[in-house]
Amino acid sequence: MKKECVTMLLAGGVGKRLGKLTSNIAKPAVPFGGKYRIIDFALSNCMQSNMTPVGVVTQYQAHTIHQHIGSGNAWGFDHSKNKLTLLSPFTNVNGGEWYEGTADAITKNIDYIDQFQPEYVLILSGDHIYHMDYNKLIAHHKNMQADVTISAIHVPWEDTRRFGIIHRNTQFEITEFEEKPMHAKSNLASMGIYVFNWDILKEYLNKDNENINSNHDFGKDILPKMLQQNKKLYVFPFQGYWKDVGTIESYWEAHMELLDGEFTEFNQDSHLFTYTQNLDFPPHQIMEGGHVTKSIVNDGCTIAGIIQNSVLFENVHVNKYSTISQSVIHQGATIGRYVDLERVIIQENVIIPDYTSIKVPVTEEPLILTNEYILAEQKVGGLNI
Amino acid sequence: MKKECVTMLLAGGVGKRLGKLTSNIAKPAVPFGGKYRIIDFALSNCMQSNMTPVGVVTQYQAHTIHQHIGSGNAWGFDHSKNKLTLLSPFTNVNGGEWYEGTADAITKNIDYIDQFQPEYVLILSGDHIYHMDYNKLIAHHKNMQADVTISAIHVPWEDTRRFGIIHRNTQFEITEFEEKPMHAKSNLASMGIYVFNWDILKEYLNKDNENINSNHDFGKDILPKMLQQNKKLYVFPFQGYWKDVGTIESYWEAHMELLDGEFTEFNQDSHLFTYTQNLDFPPHQIMEGGHVTKSIVNDGCTIAGIIQNSVLFENVHVNKYSTISQSVIHQGATIGRYVDLERVIIQENVIIPDYTSIKVPVTEEPLILTNEYILAEQKVGGLNI
Amino acid sequence: MSKVMGIINLMTDRDDFSSLTNDRCVAAIPFASNYRFIDFTLNNFIHSEINEIAIFTHTKSRSLLNYLGSGLDWGLNTYKKGLYILPSSPDIIQQSDIDYFIKNWDCIEKSNAEHLLISGSTFITNTSYQSMMEQHISNNNDMTFLVTNDTQKRSNSISVMSDVNGKVKEISYHHNGALFTGVYMIKKECLIQLIKKAKLTSCKQLIDVIITEFKQYNTESYVYVDEYYYMDSSTQYYHCSMLLLNRNNYQNLMKKNEIIKSKESHYSPTKYGKNATVCNSLLGSGCQLDGSIDHSILFQGITIEKGATIKNSIIFDHCLIKSGAYIENAIVDKHSFISSKETIIGSIKSPILIAKQTNKLSSVM
Amino acid sequence: MSKVMGIINLMTDRDDFSSLTNDRCVAAIPFASNYRFIDFTLNNFIHSEINEIAIFTHTKSRSLLNYLGSGLDWGLNTYKKGLYILPSSPDIIQQSDIDYFIKNWDCIEKSNAEHLLISGSTFITNTSYQSMMEQHISNNNDMTFLVTNDTQKRSNSISVMSDVNGKVKEISYHHNGALFTGVYMIKKECLIQLIKKAKLTSCKQLIDVIITEFKQYNTESYVYVDEYYYMDSSTQYYHCSMLLLNRNNYQNLMKKNEIIKSKESHYSPTKYGKNATVCNSLLGSGCQLDGSIDHSILFQGITIEKGATIKNSIIFDHCLIKSGAYIENAIVDKHSFISSKETIIGSIKSPILIAKQTNKLSSVM
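Residue numbers (this note's numbering), protein chains in the order written: chain A, 18 to 402; chain B, 18 to 402; chain C, 220 to 584; chain D, 220 to 584.
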């Protein structure tokens, strides 16, 4: 069954800098926006762009992603066969081998891609918050007659050191890469979204696979080598919201941006929605004493306290005389009475005892509250920070 | 979410003795019976026994099983969340680790099982052809107040050396194991189907995990150790058809038994069906010159030749003046004219040229015909064996 | 336990719901922010481990059919059983549920259930009928009626009088016994006999045959003691909805151990704006709220602009309430647009109904 | 290309199918071992990349509704669009598809499609309508009719005469032009105007309004040249079915590049016994065949015992034909049991119809 384009969604990220948020789940499975998980954005984009088949490449805590994707129903993947396949690292005849880098994750799945005999391969990351119709990217790739097209966005200059930076000429042609430069000369950052001509990519992957000095990474190895060998690398300039929630700070910040309306899960321009697994929680209830402003509240919540600038996932219970501000509260958490929280992220099912007061100053990284943390703090004499 | 019993379906088998049948697919994904794959039998039993949640543990060529299971729709797994989870080996925080044995495959998924806080864990293999209502097994386990219950069946004495052999007293209590004995003293074989009390199993798994001399295997390590330490091991005597299709000979034989009516995909007694992914092939057609006796034919086939004692999967085309006898023909194969085949297994999409004659004598193992084989044989001068 | 098949008989739902049922049947009326009436009947059947359910859809069924789909969202689309939609057909005698049974008997016949659990859609609660089913089967009853000790007089309601052992003595339209909830169990064999008898008379409704014949059978009542809502008019609908704003009532209906499955929706979570003041309210997902909302029930995908006021009201899906609008004691049906100049004030006894957007073809023309 | 919505209008299906439609509508008639009529219409729409489809289900729809479910098996249950079931309702004027359009206009209105592709279920072929859709849109047509150059006279069929450029000159019930297939495209705007005009007259059928009004519009025909089957009676049904046994016809309908999706079934593959002699036949899955079958079409889950003979016949799902039975030139409907003593012989011109098992309640009583 021949397909023009195969999409490979890389969802194996460890997300080390997300600290306790990823202590037992993969980064793409981290909850986001009161209802979603990070990977939902890329998955929803795929289905709504009709980018099938999709191979979802998992590795670190793969089962957390497999459980979330489940039947694939939620994204409409069950219409017919082979629209979505979960590709954990599998043993070849000689035994098990893990993916060593982003490029290696594709190399080890060459057979999967080859069965569709595609012209193009679209490489995505499951780590980003954005809406995108990938058809526009592929149309651009065809127009430019490119070998590779990289989707890129202008980032604030101070963030350039976190990204792969691209230099281009006026014809969208890429002239230079800088990988996480200390002093960037451009603020056009790679979004980690690539379209390759499959025959060319396969050739480079096979060569790279034999190179023992390679990191087997697209940004560090494959793309610089292609540029060096005069392949046609082009930029696709993306317009819109895009966020790499790579740190606790940026994870928290992305939620505040959601409240500011910089991004909505429904993209008005392109009519792209975000889909996810639905849970059967009842409607939420605001009770006597409850007051909610500039916040997001999901099903199953019962609120008798004050909520400001915060995001509440499903089934969160906030009792009377408590105030939550600039915080993100994951599913099933319970907040006692006379609690005062600011700039915190509360993990699933955590119970915050009465009279807890934790206000994290703006100069510090938002604090992740886990049950272990609450227990430890209680032992040393109370929860007033 | 507490569950009384969690089912773990081991589907990581390499199936070495199946030769080319498993050269690029996992043993549980090998086609069987004109429509199914071997794992369908265990999966169908699970759903019809309401044994959820099911964790399917994959390893060797895991993607072939993941693709087959797909959304899980075909077995009704999509009714609600977390009914079925694919558990490929995942990295823990320290990096990737492969399953080293059947017991290790469970040890590495202790977290998955623990989330359901089960009383019992049912361990199944995805390698066997049978119908079974697991509720009867679990009821027996409860009745006997066992720590472990092993489902067992009487096998022909000449086959005992392929199995784990069990000795029991009149109270169903297990008194001794023999692992693949050369001269068995009993013909009661373990079917590789176990019910454990989860707290006890977990204790043994953790101990076994630290034992560097262990194979981390249920049959070799865990069960003998439990017997030695006087745990209560019981037998559940299974009545009915059960087949471990571990070799090419037994794979072929199981198909002949299907034609003899020893097993049907629909079990009249227990009303258990076998479900699988459905493919949209049109009805099959028997044309002028076609003649089919004691055979199984699936959708999409067009038949103008003579078929006897054979199993044809979907979309097989048999041309005029050809005879197929005692053979198994996988999906999409095309048989030319004046072909004469006996005791062969034809792989997917293989084209058998006109005038081919291959008759494997009963004294030899049935022959697997692949495209490579056909090409090689043609080069050395014809296909008349 | 013997197998039981569920029948949801929408023909028996009494409809005095005014414009709420202009475009939908009673079973499809939205309730409690996330649900439709039929969700409660379906979930109670599922909690009772009945997974073979037939629905007599009767009239105005389009919205209901699209809501139910194949029953997937309720876990009812298994291969060997599940949800059977029995649509109305021009050849069914109007208003005769007996004819409905006869015309669809093959569907009931092919089930191997010995008993049927029959219910309408207007008895709203969150329960399992298993203990009633056990009583019915262990007492070898022909019929068992679910009744409540409701003392309020209701027009047209059917009451059941029983002796101390639960044996039914009288069933009638006069209010001198326990209120019949519309939920009952019946032996399939007994149902066949009643239908045969109906054919000899001019009875069109099964309940009327039961009223004349029940004494020939072993008939008991089973008293339901939990909270419930029973509605047959828009006034009662408004009243019952408002009762849900009491926290105990809410928690009783939304019990944690009995999840109420409903059609999957794909709304984002509800967003509150800077100016939102929301109190004592029940709210669905997908809303954008920046106005003042007090003691109200909001469904899904609703926008309430800054400066709009909603009080003691029920707002259905996808309404847009503009800045400055004032709504009190009202039920606003789906897709309504309330402009900034509008003031809608009803009374608690008789709330104003704003009907669903009328069919657009007439407006196009 | 502009967006197109599909309408399957079952009210226009002419029904002279005798007992084949006792219990089902025309669209639900089984055809070609694995399918129902409606599969072909649905698949042709899907091949044309139309994935927003509304069905006017009209009468006897139970079997059809249960077959279609939520449209999942045809890939039509997406969130924003998919399959809309528009059931019949007691308040729709009998036999007026115009009233059906009016009562369900909101469903058509909310689609952002500019054009509608309308079809019945009796034009059976395996194709994509994309080139007709391109002609319709690029020529800025108001209506485009799919016609065939069928020369056979059919009663009640509508014919279309066009000039050399495809411009329609006449549409009528007289057979003096190309046969109208029941498939046509129409601008939504044009449909609104026609319905408005119908309201001023007493026309109940859209096609009758079109016949009187088409000259006011830019109306073309599009000639379909591939193989097709067009049926409105049981005799034609038998004839068309038998044509499928010709290998070219079979391969033309079952084209490899246009897969025909149908409802997922879960039958095991068909098993042939020692005594089976089967020739020139088309066979579904799940059968157990041990008899003699010649030039016949068998559906799914059928048992033919040793010594039974089936010749020039069509056997529907789940029939059991006992040893010794003889069936020739017959159509045997679902779930029939033919005992060993029975001999059923019809003629090719007028095959015998064995009706589906009759409703059991009457037999129980």
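Since the hints were made in silico from the structure, they are not lab data. Wrong hints could be hidden among the right ones.
In silico lysine to any residue, SDA-like type, Cα no more than 25 Å apart, as pairs [stated by the list, open to error]:
1) D:Lys541 x B:Lys376
2) C:Lys329 x D:Ser282
3) C:Lys553 x A:Gln395
4) B:Lys20 x A:Tyr292
On the chain D side, residues computed to face chain C include the following (Cβ under 10 Å) [claimed, not checked]:
5) Arg281
6) Gly290
7) Leu291
8) Gly294
9) Asp382
10) Glu524
11) Thr562
12) Ile563
13) Ile567
Note that the structure is a prediction, hence the values are computed from the model and not measured. Just so you know, even glycine gets a beta-carbon here, dropped at the ideal spot from N, CA and C.
Hints and how they fare:
no.	hint	verdict
1	D:Lys541 x B:Lys376	violated (37 Å)
2	C:Lys329 x D:Ser282	holds (15 Å)
3	C:Lys553 x A:Gln395	violated (50 Å)
4	B:Lys20 x A:Tyr292	violated (28 Å)
5	Arg281	holds (6 Å)
6	Gly290	holds (8 Å)
7	Leu291	holds (6 Å)
8	Gly294	violated (14 Å)
9	Asp382	violated (33 Å)
10	Glu524	violated (23 Å)
11	Thr562	violated (28 Å)
12	Ile563	violated (23 Å)
13	Ile567	violated (32 Å)
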